[in-house]
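A.B. asks: The residues making up each chain are set out below.
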Amino acid sequence: MKSRSTARAIPLERARLNLGSIWLKVKTHSSPFIFMSPASILVMLFFFLPVVVTLLISMTNMSVATFRGYKMIGFANYARILATRWTLKILKNTAFYVIMTLSCFNVGMALFLSLLTTHVEKKVGMLFRSLWLLPRITPSVIYALLWTWATADAPYGIINQLISPLGVEPKNWLTSEPWAIIIFANGFVGASFGMIIFTSAIESILPDYFMAAKVDGASTLQTIRYIILPMLKWPILFVLSYQTLSLLASYEYILLLTEGGPGFYTTEVWSLYAFHLALSNYFGNVQFGYGSALAAVLVAIGIIVSIIYLKVFKFGELVAEPKIEVL
Amino acid sequence: MIARGLKRSVPYIILIVITLPIIIFYGWLFMSSFATRTHGLKPLGLTLSNWRFILGWKSPWRRDYPSVWEATLNTFIFAAIVTLAEVSVSAATGYALSRLKFPGRKGFLGLTLVLHAFPSVTLLIAIFFILRALRLYDTMPGVIMVKVALDLPFGIWIMKGFFDTVSWDIEMSALIDGCSRIRTWIQIVLPLIRPGIAALSIFCFLSGWSEFLLPYIFTTRFDNWTLSVLLRNLIGDFRFVDYGLVTAVGLFYMVPVLIFYAFTQQYLLSIYTGGVKGGA
Numbered sequence: 000m001k002s003r004s005t006a007r008a009i010p011l012e013r014a015r016l017n018l019g020s021i022w023l024k025v026k027t028h029s030s031p032f033i034f035m036s037p038a039s040i041l042v043m044l045f046f047f048l049p050v051v052v053t054l055l056i057s058m059t060n061m062s063v064a065t066f067r068g069y070k071m072i073g074f075a076n077y078a079r080i081l082a083t084r085w086t087l088k089i090l091k092n093t094a095f096y097v098i099m100t101l102s103c104f105n106v107g108m109a110l111f112l113s114l115l116t117t118h119v120e121k122k123v124g125m126l127f128r129s130l131w132l133l134p135r136i137t138p139s140v141i142y143a144l145l146w147t148w149a150t151a152d153a154p155y156g157i158i159n160q161l162i163s164p165l166g167v168e169p170k171n172w173l174t175s176e177p178w179a180i181i182i183f184a185n186g187f188v189g190a191s192f193g194m195i196i197f198t199s200a201i202e203s204i205l206p207d208y209f210m211a212a213k214v215d216g217a218s219t220l221q222t223i224r225y226i227i228l229p230m231l232k233w234p235i236l237f238v239l240s241y242q243t244l245s246l247l248a249s250y251e252y253i254l255l256l257t258e259g260g261p262g263f264y265t266t267e268v269w270s271l272y273a274f275h276l277a278l279s280n281y282f283g284n285v286q287f288g289y290g291s292a293l294a295a296v297l298v299a300i301g302i303i304v305s306i307i308y309l310k311v312f313k314f315g316e317l318v319a320e321p322k323i324e325v326l
Numbered sequence: 000m001i002a003r004g005l006k007r008s009v010p011y012i013i014l015i016v017i018t019l020p021i022i023i024f025y026g027w028l029f030m031s032s033f034a035t036r037t038h039g040l041k042p043l044g045l046t047l048s049n050w051r052f053i054l055g056w057k058s059p060w061r062r063d064y065p066s067v068w069e070a071t072l073n074t075f076i077f078a079a080i081v082t083l084a085e086v087s088v089s090a091a092t093g094y095a096l097s098r099l100k101f102p103g104r105k106g107f108l109g110l111t112l113v114l115h116a117f118p119s120v121t122l123l124i125a126i127f128f129i130l131r132a133l134r135l136y137d138t139m140p141g142v143i144m145v146k147v148a149l150d151l152p153f154g155i156w157i158m159k160g161f162f163d164t165v166s167w168d169i170e171m172s173a174l175i176d177g178c179s180r181i182r183t184w185i186q187i188v189l190p191l192i193r194p195g196i197a198a199l200s201i202f203c204f205l206s207g208w209s210e211f212l213l214p215y216i217f218t219t220r221f222d223n224w225t226l227s228v229l230l231r232n233l234i235g236d237f238r239f240v241d242y243g244l245v246t247a248v249g250l251f252y253m254v255p256v257l258i259f260y261a262f263t264q265q266y267l268l269s270i271y272t273g274g275v276k277g278g279a
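So the protein sequences, as listed, match chains G and Z. The first sequence begins at 0 in numbering that gives the first Met the number 0 and counts up by one. The second sequence begins at 0 in numbering that gives the first Met the number 0 and counts up by one.
Here chain Z stands alone, though its shape is the one from the complex:
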């Protein structure tokens, strides 16, 4: 009996052991932001002063760094516009690919799939030149356009999948009654795939909120900094000076992600598996 119980608990123990680094890491992030200093997992005194940046703190060495709130606003605007653009463009394209017949449809679908697998980071050097030619280098609209474009193959593929599952009887009767394609799309089909739109929106927002590489490469001016770029520079300046401060800013940056994640896990899982339906 005991041996059997032991045998049954083996997978649980293994799971806990291999997941331990994750649990420790995030626990430490939380703890360290309230500690004056830490030695490994041991805090040496508790404090709230790490969170003083909430009150509009500026870096003592680089006074021209944006405050955390300015960077937060930038990050939010970036993520929100990316989400809006990504979802509307993907929904339009996904609908056309799912429902309309036009020359080049097959080609575009194949292209979407190829681009979905294609590692787009390899194009960043060339995109640097294109942004400069368009006079969009070091501007928010430029970075937003790049982000939307690079995530587009994924978004289109997800949206097409959701449109494919919608029965087309309602749509057909609307079209026969003389409703235009665009009105049918907006008033009849889009409301039917609300879960899909929600899932893609969440995904886009989280991905935009966390984005590091694009703003890091394509913006230089302080007033374009997002939280990720600010945090990266803070680490450069503070790594061996103020652990607590950087963890506090990090946790502050992470909180919206955690909240979103806690409430929308099922949506996110459906999009991860949906996103690769084609291959699995």
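For reference, chain G alone in the conformation it holds in the complex:
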């Protein structure tokens, strides 16, 4: 009797144990699921799906005219990019815009500002850094407005008022020198990113180095050249690569300042060109297919380059195993 009951009890107990362990598994695996699902859904909907949709639409002739009866046309839009004579102009504009803004402001001015603000008294340096952050936190519409008015015709514009005593002919600077204004406007926003990163890098250099340099009688410029700059190699490379990508895709300020003009495509950059063709309501013929092909080029560059950054900056070390394992 006794032995029979134990013999029967064993499978039951085993079953219960199995159920228990399954429940435990569900419980432990459900919490990552709960924590991760909102972000996963959003990333799926607004990053993965858009990449696929961009590629798909770029293979169609979809436009306002063919919205209902569009068809797949393979790589014809890409062939058209290569064949259109405007492409070269747009390409040149984009390169000019990115290189000038990046070198003069996002890295050049940023470096200059971080060196100056760490050189002067601490409080004063902080004050100037926070002034330079102002353009970044200013809503872009207002910021563009400030530039539009600063560059306006005489007697309204500030630039004309300030330099007319020097004998310079007053003019509308935004329409006569659109590139200079666009680069300045973007640069005053862009400089603060590098400024913050370089400043914290400079502040983290051990004071011993500066002391040693001083003892050896190094001038300020020599200290900068032989101590600070070598130590800023990685931050500079980081700002350079990171901002190249964001400048390549950015068009908000150009849109607000010149809309790609004045005239025909004078300041139109690649990303603005794609936006104008596919989304802007001002021209009647919105061309989703062609615009998407242009955007797809940027998307491809964006994906490839950001994966390269991931490798270069050794992000692998940052994705180490978590401290708490699932209990």
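If you're looking for bench data, these hints aren't it; they were derived computationally from the structure. Remember, predicted model here, so these are calculated numbers, not experimental data. Take these hints with a grain of salt, some might be off.
Said to hold, decoys possible - List of simulated lysine-lysine pairs, PhoX-like, C-alpha gap at most 25 Å: (1) Z/6 to G/122; (2) G/213 to G/122; (3) Z/6 to G/310; (4) G/121 to Z/6; (5) G/232 to G/213.
As the list claims (entries may be wrong) - To give an idea of the interface, some chain G residues facing chain Z are shown, with a C-beta separation under 7 Å as derived from the structure: (6) 117; (7) 118; (8) 144; (9) 277; (10) 278; (11) 308; (12) 311.
All C-beta atoms, glycine included, are put in the ideal place defined by N, C-alpha and C.
Assemble the complex: chain G is given as a structure, and chain Z must be docked to it using the hints.
C.D. replies: Frame of chain G, contents of chain Z only:
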């Protein structure tokens, strides 16, 4: 002695000169909103009439434009919901990535970093189609979702950084005592990273409040307009007509940003440097 003093003041002078445009610009914005008309930096008479929109002004030409207050309400709702959603989703995801072990964790972290560097504006054309398919084009919830999603890689990365700094002893004892993961997260870990949540909230609110491109592209109806879109259209209509009015609306739009900025600079700086810790 004098030469030495001169040499010491050189960096200050250079700083003032290169910062002058910023000082002049914002000074002018303030002054112009109280001036009848300006010639460069010179006001031609002072007035308060530029601020008449405070009393519910409507555009004389486009009477269907929303009033400034309606747009302000929209902007506030947009920024507030974006902040709430962004912070809660980032905090949940950041916690999971920092503390939990699950398949795909490494992949998602790498993805977050790639997306952080990836220029998301290039996807706006496709997002237009996705919003239309979801019937969310030209609706507030649609624009809010897009904004939250596009800023998410940044938010997740910041939050993960803050969770990584929290010692896990307290958390561990709570878990051993049988507290569930979610309760531990809400009651024990989240209060410990309050500064991080504050920093990300401020950042999200300012970024939502200033957002221009998304509402400009994805909404058309007047009652969805935010201040940035209203201001953009006002500039189109008034640029050569009423400088004072547009600067007044601009300053009105800018005031909350300035107040926030003045009081929370340290938080914001910590988030800017924290946001790029991985690369610097």
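A.B. asks: What's the verdict on residue 121 of chain G and residue 6 of chain Z, does the C-alpha distance respect the 25 Å limit or exceed it?
C.D. replies: holds, 18 Å
A.B. asks: Go through the hint on residue 144 of chain G and say holds or violated, using the shortest Cβ distance to chain Z against 7 Å.
C.D. replies: Holds: closest Cβ of chain Z sits about 6 Å from residue 144 of chain G, inside 7 Å.
A.B. asks: Holds or violated: is the Cβ of residue 311 of chain G closer than 7 Å to a Cβ in chain Z?
C.D. replies: violated, 9 Å
A.B. asks: Close enough to count: is the Cβ of residue 278 of chain G nearer than 7 Å to one in chain Z?
C.D. replies: holds, 6 Å
A.B. asks: Given the hinted pair residue 6 of chain Z and residue 122 of chain G, is their alpha-carbon gap at most 25 Å?
C.D. replies: holds, 19 Å
A.B. asks: Would the hint linking residue 213 of chain G and residue 122 of chain G be met if the CA-CA limit is 25 Å?
C.D. replies: It holds: about 23 Å lies between the C-alpha atoms, which stays within 25 Å.
A.B. asks: Does the CB of residue 117 of chain G sit less than 7 Å away from some CB of chain Z?
C.D. replies: violated, 10 Å
A.B. asks: Decide if the proposed pair is consistent with the structure: residue 232 of chain G and residue 213 of chain G, CA atoms, cutoff 25 Å inclusive.
C.D. replies: holds, 22 Å
A.B. asks: Is the interface hint for residue 308 of chain G satisfied, with its Cβ closer than 7 Å to some Cβ of chain Z?
C.D. replies: holds, 5 Å
A.B. asks: So, as I understand it, the hint says residue 277 of chain G touches chain Z; can you test that by seeing if any CB pair is closer than 7 Å?
C.D. replies: It holds, given that the least Cβ distance between residue 277 of chain G and chain Z is near 4 Å, below 7 Å.
A.B. asks: Is the straight-line distance between the alpha-carbon of residue 6 of chain Z and that of residue 310 of chain G 25 Å or less?
C.D. replies: violated, 45 Å
A.B. asks: May I ask you to test the interface hint for residue 118 of chain G with respect to chain Z, counting a Cβ-Cβ separation under 7 Å as satisfied?
C.D. replies: holds, 5 Å
Hints 3, 6 and 12 from the earlier list are contradicted by this structure; the remaining hints agree with it.
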